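Visitor: Okay, here's what each chain looks like letter by letter:
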Amino acid sequence: MKQLRKNVYIAAGYNTVSFGSGRKEFNPKKPMRTFEEYVVEAGRSTLTALPDPSLVDEAVVGNFMAGRFLRQGNLPGFVGMLHEGLRHKPATRVEGACCSGGLALATAMKTVLSDLSDISLCLGFEIQNTVKAVYGADYLAAAGYYRGERKAGHAYFFPSKFSDRAGAYFQRYGGETARKGMARWYAQMVENARLCPKAQEHHNTLEDPEAAAMAAPNPKSFVEHLNYFDCSKVSDGASSLLFLSEEGVQKAGLHRDRCARLIGFGQAARDITRPPEDLTVLDTTAAAVQRALEMAGLSLEDLGFVEVHDCFTISAMLALEAIGLTPPGTAPQYVLDGHTRRDGKVPANATGGLIGYGHYTGGTGVRQAVDLLDQLTGNAGPCQLSLDPARPYGLMISMGGNDVTVVAMIFTRAV
Amino acid sequence: MEYQQLMQRVAVLGAAGKMGSGIAALLSQELVRLKLQYRLEHLRLTLIDTNEAAFPGLLAYLADQARRAAEKQIVTLRGFYSDRADLVDNGEIIEQYIADLLSLVRVDTDLRVVAPATMVFEAIVENLEVKLKVFKQLAESCAKETYFFTNTSSIPIGLISQRTDLVGRVIGYHFYNPPIVQKLLELIVPETTRKELVGLAVELAAHLRKTVVRSADVAGFIGNGHFTRDGLYGLNLAERLVADRGLTLPEAVVAVNRVTQDFLLRPMGIFQLLDYVGIEVYQSILAIIAEHGEQPHLRSPLCDRMLAAGIRGGQHQDGSQKDGFLGYEKGRPARVYDLESGTYRTIDEALLGKVDGLLGPLPSSALTWKALSRDGHAGERLAAYFGKLEALDTLGASLARDYLKNSKVIAETLVQLGVTPTVDDVSAVLKLGFFHLYGVADFA
Numbered sequence: 468m469k470q471l472r473k474n475v476y477i478a479a480g481y482n483t484v485s486f487g488s489g490r491k492e493f494n495p496k497k498p499m500r501t502f503e504e505y506v507v508e509a510g511r512s513t514l515t516a517l518p519d520p521s522l523v524d525e526a527v528v529g530n531f532m533a534g535r536f537l538r539q540g541n542l543p544g545f546v547g548m549l550h551e552g553l554r555h556k557p558a559t560r561v562e563g564a565c566c567s568g569g570l571a572l573a574t575a576m577k578t579v580l581s582d583l584s585d586i587s588l589c590l591g592f593e594i595q596n597t598v599k600a601v602y603g604a605d606y607l608a609a610a611g612y613y614r615g616e617r618k619a620g621h622a623y624f625f626p627s628k629f630s631d632r633a634g635a636y637f638q639r640y641g642g643e644t645a646r647k648g649m650a651r652w653y654a655q656m657v658e659n660a661r662l663c664p665k666a667q668e669h670h671n672t673l674e675d676p677e678a679a680a681m682a683a684p685n686p687k688s689f690v691e692h693l694n695y696f697d698c699s700k701v702s703d704g705a706s707s708l709l710f711l712s713e714e715g716v717q718k719a720g721l722h723r724d725r726c727a728r729l730i731g732f733g734q735a736a737r738d739i740t741r742p743p744e745d746l747t748v749l750d751t752t753a754a755a756v757q758r759a760l761e762m763a764g765l766s767l768e769d770l771g772f773v774e775v776h777d778c779f780t781i782s783a784m785l786a787l788e789a790i791g792l793t794p795p796g797t798a799p800q801y802v803l804d805g806h807t808r809r810d811g812k813v814p815a816n817a818t819g820g821l822i823g824y825g826h827y828t829g830g831t832g833v834r835q836a837v838d839l840l841d842q843l844t845g846n847a848g849p850c851q852l853s854l855d856p857a858r859p860y861g862l863m864i865s866m867g868g869n870d871v872t873v874v875a876m877i878f879t880r881a882v
Numbered sequence: 005m006e007y008q009q010l011m012q013r014v015a016v017l018g019a020a021g022k023m024g025s026g027i028a029a030l031l032s033q034e035l036v037r038l039k040l041q042y043r044l045e046h047l048r049l050t051l052i053d054t055n056e057a058a059f060p061g062l063l064a065y066l067a068d069q070a071r072r073a074a075e076k077q078i079v080t081l082r083g084f085y086s087d088r089a090d091l092v093d094n095g096e097i098i099e100q101y102i103a104d105l106l107s108l109v110r111v112d113t114d115l116r117v118v119a120p121a122t123m124v125f126e127a128i129v130e131n132l133e134v135k136l137k138v139f140k141q142l143a144e145s146c147a148k149e150t151y152f153f154t155n156t157s158s159i160p161i162g163l164i165s166q167r168t169d170l171v172g173r174v175i176g177y178h179f180y181n182p183p184i185v186q187k188l189l190e191l192i193v194p195e196t197t198r199k200e201l202v203g204l205a206v207e208l209a210a211h212l213r214k215t216v217v218r219s220a221d222v223a224g225f226i227g228n229g230h231f232t233r234d235g236l237y238g239l240n241l242a243e244r245l246v247a248d249r250g251l252t253l254p255e256a257v258v259a260v261n262r263v264t265q266d267f268l269l270r271p272m273g274i275f276q277l278l279d280y281v282g283i284e285v286y287q288s289i290l291a292i293i294a295e296h297g298e299q300p301h302l303r304s305p306l307c308d309r310m311l312a313a314g315i316r317g318g319q320h321q322d323g324s325q326k327d328g329f330l331g332y333e334k335g336r337p338a339r340v341y342d343l344e345s346g347t348y349r350t351i352d353e354a355l356l357g358k359v360d361g362l363l364g365p366l367p368s369s370a371l372t373w374k375a376l377s378r379d380g381h382a383g384e385r386l387a388a389y390f391g392k393l394e395a396l397d398t399l400g401a402s403l404a405r406d407y408l409k410n411s412k413v414i415a416e417t418l419v420q421l422g423v424t425p426t427v428d429d430v431s432a433v434l435k436l437g438f439f440h441l442y443g444v445a446d447f448a
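From first to last, the protein sequence lines are chains B and G. The opening residue of the first sequence carries number 468 in this note's numbering; numbering runs sequentially from there. The opening residue of the second sequence carries number 5 in this note's numbering; numbering runs sequentially from there.
Worth flagging that the hints you see were computed from the coordinates, not collected in a lab. These figures come from a predicted structure and were not determined experimentally. Don't take each hint at face value.
What follows is a set of in silico ranges between Cβ atoms, one per label pair, in the way DEER data are often shown [as the list claims (entries may be wrong)]:
| hint | chain 1 | residue 1 | chain 2 | residue 2 | range |
| --- | --- | --- | --- | --- | --- |
| 1 | B | LYS496 | G | ALA395 | 38 to 44 Å |
| 2 | G | GLU149 | B | LYS687 | 31 to 37 Å |
| 3 | G | HIS381 | B | GLN638 | 36 to 42 Å |
| 4 | G | GLY380 | B | LYS469 | 43 to 49 Å |
| 5 | G | ALA313 | B | THR672 | 30 to 36 Å |
| 6 | B | TYR695 | G | GLU149 | 25 to 31 Å |
| 7 | B | THR501 | G | TYR348 | 37 to 43 Å |
Under the rule of at most 20 Å between Cα atoms (straight-line distance), these lysine-lysine pairs were calculated in the PhoX-like manner [what the hints assert, rightly or not]:
| hint | chain 1 | residue 1 | chain 2 | residue 2 |
| --- | --- | --- | --- | --- |
| 8 | B | LYS496 | G | LYS76 |
| 9 | G | LYS334 | B | LYS618 |
| 10 | B | LYS496 | G | LYS334 |
| 11 | G | LYS76 | B | LYS599 |
| 12 | B | LYS687 | G | LYS76 |
| 13 | G | LYS76 | B | LYS700 |
Covered, in the sense of this in silico footprint (three residues per stretch, anywhere, with C-beta under 8 Å from a C-beta of chain B), are these stretches of chain G [stated by the list, open to error]:
| hint | segment |
| --- | --- |
| 14 | 55-61 |
| 15 | 93-100 |
Note that beta-carbon positions come from the ideal geometry of N, C-alpha and C, so glycine has one too.
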């Protein structure tokens with residue numbers, strides 16, 4: 468299918484604070500907010516956009532590892548907690564590692580396209596601060612091929628997977644520019660996060676983040692090619708929004724200037740049991756983005772801004788190349804040239820991305836869509852970009868695991 | 005013998021005490037490293053203490069410290085356990101590491117089980133007669149190759165070895181409290197010590213990631229040589245403030261504590277530090293230095309009075325602070341002891357106001373030890389701070405300057421007494437072991 472059979476909109480987005488180290492109020496020794504509180508904060512905020520929450524026909528919950536971080540399964544059961552009007556509504560939990568949020572978006576979209584729903588609630592969350600990072604790394608390693616990869620893998624499994632990608636990238640294209648580009652990316656994400664009060668790095672006080680991010684990696688305590696600044700942090704948070712049909716928008720009584728329209732969608736998965744064909748290429752991401760662009764009928768020059776899945780700085784480099792914004796091997800220079808800055812050609816991750824805003828894994832995809840919605844509707848507050856009126860198109864990429872599960876979406880203004 | 009051979013059978017005496025348990029934790033981690041990295045068999049860590057009731061707590065402490073160590077070294081541990089197909093998660097590897105570590109440990113109250121030990125670490129009470137009794141027994145029961153590491157913080161090592169027929173086989177191995185955290189290790193090597201033992205002691209210190217500062221075998225060594233005199237100066241200063249300035253003793257204690265902490269930018273005021281060490285322990289160290297270091301003037305009548313009143317300071321089993329000169333709430337001084345009434349007085353606004361009125365303002369109220377200790381540019385800030393302190397014409401600044409000068413005089417005294425060849429070593433000990441931010445000669 469090259470085109471959506473009917474219009475699909477998003478509206479009423481909400482992100483909680485991305486909570487974890489870096490936030491001033493974070494203290495691992497003190498009791499933290501429960502996951503129910505995050506879910507309720509996000510879900511109820513979205514529902515306030517509706518005259519009656521019982522207008523919601525269906526709900527989708529994206530989450531990766533509640534089973535281990537929270538020892539909690541059966542997540543559809545938590546939707547009813549949001550409002551009495553959601554009693555006995557259909558609800559589904561979807562999982563695809565860090566693309567769980569992206570899959571929640573895709574699934575919510577499909578409920579609307581199926582004609583079974585006019586208004587679907589899409590919610591994503593993850594709580595990761597319940598255990599130390601050394602144990603959290605075990606849980607997150609399930610995003611790889613556990614039986615095939617985990618035993619031989621690194622203590623910090625995913626950082627090492629992307630460290631391997633960085634190593635291969637350095638070898639093929641030279642490490643010096645790449646390292647500088649990655650450090651610049653970190654600095655840009657921190658600068659963006661400082662504008663966003665809910666971002667995990669909002670309180671970041673580093674005088675020179677770029678210089679800090681040039682730190683040499685320490686393979687003895689961490690991984691070979693990445694330092695801590697290259698990595699998104701451990702985060703707690705939730706995000707939510709609505710997917711609506713034309714009828715849904717009518718029923719909800721929403722003005723179109725509060726909505727964004729989905730015009731491009733691409734979803735892809737690759738065989739998790741096999742290693743990536745080329746460590747310097749995110750081919751699944753490229754496939755999903757290509758489909759989304761085709762559906763939207765857009766060329767790369769049309770993209771006004773992007774939300775890329777920068778779980779690591781190297782992921783950002785590879786994502787920029789997978790989108791096609793810059794040829795293979797040139798993303799670090801592309802970043803160093805300022806093209807992804809807030810005032811650059813294609814501003815990226817206006818609230819800081821996974822590195823700056825935070826990465827509550829199962830909720831991140833939803834968070835990205837909320838941020839695109841806010842930008843397109845002029846609701847991004849201090850993070851608002853001045854978008855080129857000729858290019859009112861925002862692309863987001865949600866990636867699970869080592870480029871295994873990917874959802875790409877392109878939104879534009881609804882008016 | 006080689007390092008690995010000597011580490012086969014290690015014993016710790018006084019293992020349930022504060023120092024002993026820390027030393028035991030460090031050694032348990034080193035032994036399990038040897039087991040895992042070199043596949044050594046038959047390693048054994050024997051932990052001896054007279055307090056059998058403390059063994060469950062000791063083993064729990066070892067397990068807890070093992071967990072922390074494993075979490076930090078998980079990258080290395082995955083390599084050690086790479087042949088164990090059943091251990092996949094970090095969590096599984098950490099649990100196995102703890103089990104492997106504890107499997108090396110035996111606890112006992114009977115000193116006789118130490119006989120086969122190749123290395124013995126002594127961390128019992130700081131009392132020469134008690135130590136001599138234990139060492140004499142071990143000299144008889146242990147092999148002639150066994151080496152002895154004593155954690156004494158003040159007793160000359162030569163004295164112990166001569167009186168126990170262990171000449172050449174005893175070395176001073178003074179950890180700082182808590183051993184698991186503190187980087188400093190004072191190494192005291194009597195002239196007669198076997199070269200092999202010195203080499204082993206240095207090698208072990210490197211494996212335990214300790215920084216060695218060598219001290220001559222003079223009672224008190226460097227750390228306590230400075231601390232006892234620095235403390236005595238503070239104790240005497242408090243009494244002087246009572247006599248010359250008409251302060252009550254509690255007020256004087258608070259004033260001197262404030263000068264030594266806030267004016268001098270040290271982590272603790274001197275009275276808090278005396279409480280931390282324990283007044284009784286402090287008195288016994290003073291007595292040892294007075295006797296064996298031939299420094300009879302080193303005594304504190306004020307400490308005698310506190311002990312007579314039953315006030316001892318020191319720490320509870322869980323590491324929390326006992327009341328001493330000061331009374332504590334959540335580890336912070338909240339009260340001060342009044343010898344006259346035999347009760348603690350709250351350190352309230354009125355008391356602080358009076359003390360501050362007398363001392364005058366700090367050179368820079370925004371600067372604290374805590375902030376500076378995390379500051380990459382502490383050196384420049386300290387220089388600016390002490391420049392201001394020099395210029396201030398207040399009692400507080402004047403007392404602080406005198407305190408600094410006295411600290412330098414103490415260091416020079418230690419050089420004169422032959423404890424150390426240079427005041428730089430004293431500075432190194434104060435920085436590493438006492439967390440001072442500057443050396444004795446930097447701003448005096």
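Visitor: Taking the earlier hints as the rules, which of them does this structure contradict?
Guide: 4, 5, 6, 9 and 14
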